[in-house]
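Peer 1: Residue numbers (this note's numbering), protein chains in the order written: chain X, 1 to 249; chain P, 1001 to 1089.
In case anyone wonders, no lab produced these hints; they're calculated from the structure.
Don't take each hint at face value.
[Said to hold, decoys possible] Stretch by stretch, here's where chain X covers chain P in the computed footprint (C-beta under 8 Å, at least three residues):
1) 1017-1026
2) 1029-1039
[What the hints assert, rightly or not] Examples of chain P residues toward chain X, derived with CB under 10 Å:
3) 1008
4) 1009
5) 1010
6) 1011
7) 1012
8) 1013
9) 1014
10) 1052
All C-beta atoms, glycine included, are put in the ideal place defined by N, C-alpha and C.
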Amino acid sequence: MAEGGGAHSPLEQFEIKSLLTTLEPGETMGLVTFTNSSLMMVATLVLITAFLILGMRRGALVPGRMQSLAELSYEFIAGLISDTVGSEGRRYFPIVFTLFMFILFGNLLGMIPYSFTFTSHIIVTFALALIVFIGVTILAFVKHGMHFFSFFVPPGAPVAMWPLLIPIEVISYLSRPISLSVRLFANMLAGHTLLKVIAGFIGLLGVFGVLPFALVVALTGLEILIAFLQAYVFAILTCLYINDALHLH
Amino acid sequence: MRIGVEIVAALIVGVAIGYFLDRWLGTKPWFLLLFFVLGAAAGFMNVFRVVGGLGGQVGYRNKSEPTGSENGRDPAEGQDPADRRNGDG
């Protein structure tokens, strides 16, 4: 932890700082507060929009570099949906693509030194997971009506077991948004904390600091992999939940 | 990481349900105990599904249906008409 004057806490990077606020001097809660987290989210949105619009501006038959990237990301999610949900899942492409790009760019922007990773805050990931959970539940109700509740009854289970199995299934269903959000949040939080802790050893060890330095280089690569992987996991689980809502059992 | 998250998430939900049922009905600590056990059971079941390649906690599926594992097989693959009839029943 921070003992010397120059040392920083590895958790300092997650601090929320308000940049613009409507907070009056006497109040404890402002109506609107623009924080560094909000700034990074706006930056993410601007970057995604620029990435896709600039990439597809020319619309050439033989794509250039930027157009290839834009098409690659589109086809990646389109393939993911058709693999997990099937052809009727194409309708839900916009939400899955938006979630994937938002999380991916948020994770990757967080890898830039001195920036802020908004996906390392549980409230952000929980809000995203709750959007998926509520949307999927509404979708299942619209598609199947009251038949949706048969989702909680395992097929082939004897009636005597229902009082035990139905609560377990309901808890299992309700734990979806929590596990979805905690997985993303914990990966980002742990990875960034680990990077800062190891980086703190570089100065302390003097000449032997090359060892933690090499480790930080390797971990940075790993973190970029995790940034992709967690966005992918979030997207594929969203697809699986949509598939469940459409087909139930 | 994945497996730990599944257990903890189910336990959080179970304990939260039990705690608030107790607060509401004033039956401390019985619902908490009951739902703690149910939450643990749900957590283990989720882990079982992850390990069994069922692609996370995605509810029960028919054994005949190919499971939408993370490798992403097409669910339409195994849906022959016989399966559909089973599903409607």
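Peer 1: Please go over all the hints and tell whether each is borne out by the structure.
Peer 2: Hints, verified against the model:
| no. | hint | result |
| --- | --- | --- |
| 1 | 1017-1026 | violated (count 1) |
| 2 | 1029-1039 | holds (count 3) |
| 3 | 1008 | holds (7 Å) |
| 4 | 1009 | holds (4 Å) |
| 5 | 1010 | holds (4 Å) |
| 6 | 1011 | holds (8 Å) |
| 7 | 1012 | holds (6 Å) |
| 8 | 1013 | holds (5 Å) |
| 9 | 1014 | holds (5 Å) |
| 10 | 1052 | violated (14 Å) |
Of the numbered hints given earlier, the model fails hints 1 and 10; all others are met.
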